[in-house]
Amino acid sequence: DGGITQSPKYLFRKEGQNVTLSCEQNLNHDAMYWYRQDPGQGLRLIYYSQIVNDFQKGDIAEGYSVSREKKESFPLTVTSAQKNPTAFYLCASSAIFGASTDTQYFGPGTRLTVL
Amino acid sequence: KQEVTQIPAALSVPEGENLVLNCSFTDSAIYNLQWFRQDPGKGLTSLLLIQSSQREQTSGRLNASLDKSSGRSTLYIAASQPGDSATYLCAVTNDYKLSFGAGTTVTVRA
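Listed in order, the protein sequences are those of chains A and B.
The first sequence runs 277 to 391 under the numbering used here.
The second sequence runs 213 to 322 under the numbering used here.
There's no promise every hint is true.
[Stated by the list, open to error] Looking from chain B toward chain A, a few residues come up when the C-beta cut is under 8 Å (computed):
#	residue
1	214
2	216
3	246
4	254
5	255
6	258
7	261
8	263
9	264
10	301
11	309
12	313
13	314
[As the list claims (entries may be wrong)] Listed below are the simulated DSSO-like cross-link pairs for lysine-lysine, each with C-alpha atoms no more than 27 Å apart in a straight line:
#	chain 1	residue 1	chain 2	residue 2
14	B	280	B	213
15	B	254	B	309
16	A	290	A	347
17	A	333	A	290
18	A	347	B	280
19	A	359	A	290
20	A	347	B	309
21	A	285	B	213
22	A	333	A	359
23	A	359	B	254
24	B	309	B	280
25	A	333	A	285
26	A	333	B	254
27	B	309	A	346
28	A	333	B	309
29	A	333	A	347
30	B	213	A	359
31	B	309	A	359
32	B	254	A	346
33	A	347	B	254
34	A	285	B	254
35	A	346	A	333
36	A	285	A	346
37	A	285	A	347
38	A	290	B	254
39	B	213	B	309
By construction, these hints were calculated from the structure, which means they are not laboratory data.
In this text, all values refer to a predicted model and were calculated from it rather than measured experimentally.
Even for Gly, the Cβ is constructed at its ideal location relative to N, Cα and C.
Given these sequences and hints, build the entire structure.
And the structure:
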């Protein structure tokens with residue numbers, strides 16, 4: 277079955293702690309994305325990667341970091357610099373970055389809560 | 213900056229009624245517009261994608277229209293069923309990035 281997996285489903289972070297959210301895809305997609313979803317708001321783009329070994333900041337990158345060492349993996353680290361990290365985090369991928377005919381496929385999400 | 217608005221924020225209808233969900237956007241220079249479905253605590257599933265040159269797309273009971281000049285899209289769901297209960301999000305692509313609305317949460321009462 278092709279798709280996107282995210283782990284863990286639930287994550288709890290203590291103050292001052294860095295945590296890493298996993299995202300893996302077996303769709304052979306070039307582009308991958310990380311979004312944050314807060315109640316009553318639309319998804320906001322944190323980081324995106326067009327190809328392996330390349331990534332760019334999205335609209336709300338402060339306090340987050342990513343890497344793209346393998347085509348199928350795009351982990352997101354939430355650092356202690358992120359002041360309000362409690363949210364639902366969604367990873368997505370698309371075959372080609374920016375194609376008008378291309379949709380993004382989403383993972384099931386990780387809910388991060390700060391204790 | 214692109215702003216995407218969805219009204220209403222929530223909608224409750226009896227089973228069998230047709231659903232009409234609205235989406236508006238401020239920058240008409242879009243590559244495409246997409247409608248997604250999100251079940252509680254889950255990821256998003258793409259329903260329909262309308263390219264900027266198209267006026268509408270249909271899939272089964274779903275029909276989406278696009279009026280770029282007025283910055284509007286409408287998603288119609290015919291003969292609603294309890295299984296249609298979910299949050300529906302609209303998203304537009306500008307400069308290769310998606311901008312999302314906050315969604316309309318739909319409840320279909322049996």
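Against the structure, the hints come out as follows:
1. 214: Hint violated; residue 214/B Cβ to chain A Cβ min 11 Å, cut 8 Å.
2. 216: 6 Å, holds
3. 246: Status holds, d = 6 Å.
4. 254: With Cβ-Cβ at 6 Å, under 8 Å, it holds.
5. 255: 4 Å, holds
6. 258: 4 Å, holds
7. 261: 5 Å, holds
8. 263: 5 Å, holds
9. 264: This hint holds: residue 264/B lies near chain A, its Cβ roughly 7 Å from the closest one there, short of 8 Å.
10. 301: 7 Å, holds
11. 309: At 6 Å from the nearest chain A Cβ, residue 309/B passes the 8 Å test, so the hint holds.
12. 313: 5 Å, holds
13. 314: 5 Å, holds
14. 280/B <-> 213/B: The hint holds at about 16 Å.
15. 254/B <-> 309/B: 22 Å, holds
16. 290/A <-> 347/A: Violated, because 31 Å separates the two Cα atoms, which is more than 27 Å.
17. 333/A <-> 290/A: 25 Å, holds
18. 347/A <-> 280/B: Violated, at roughly 35 Å.
19. 359/A <-> 290/A: 12 Å, holds
20. 347/A <-> 309/B: Roughly 20 Å separates the two Cα atoms, so the pair holds.
21. 285/A <-> 213/B: Outside the cut-off at roughly 32 Å; violated.
22. 333/A <-> 359/A: The hint holds at about 18 Å.
23. 359/A <-> 254/B: 25 Å, holds
24. 309/B <-> 280/B: OK: residue 309/B and residue 280/B at ~17 Å, within 27 Å.
25. 333/A <-> 285/A: 24 Å, holds
26. 333/A <-> 254/B: 25 Å, holds
27. 309/B <-> 346/A: OK: residue 309/B and residue 346/A at ~22 Å, within 27 Å.
28. 333/A <-> 309/B: 12 Å, holds
29. 333/A <-> 347/A: 18 Å, holds
30. 213/B <-> 359/A: 24 Å, holds
31. 309/B <-> 359/A: 25 Å, holds
32. 254/B <-> 346/A: 25 Å, holds
33. 347/A <-> 254/B: Cα-Cα ~24 Å, so holds.
34. 285/A <-> 254/B: Holds: residue 285/A and residue 254/B sit about 10 Å apart, inside 27 Å.
35. 346/A <-> 333/A: 18 Å, holds
36. 285/A <-> 346/A: 22 Å, holds
37. 285/A <-> 347/A: Holds, at about 22 Å.
38. 290/A <-> 254/B: Between residue 290/A and residue 254/B the Cα gap is close to 24 Å, so the pair holds against 27 Å.
39. 213/B <-> 309/B: Status holds; Cα separation ~11 Å.
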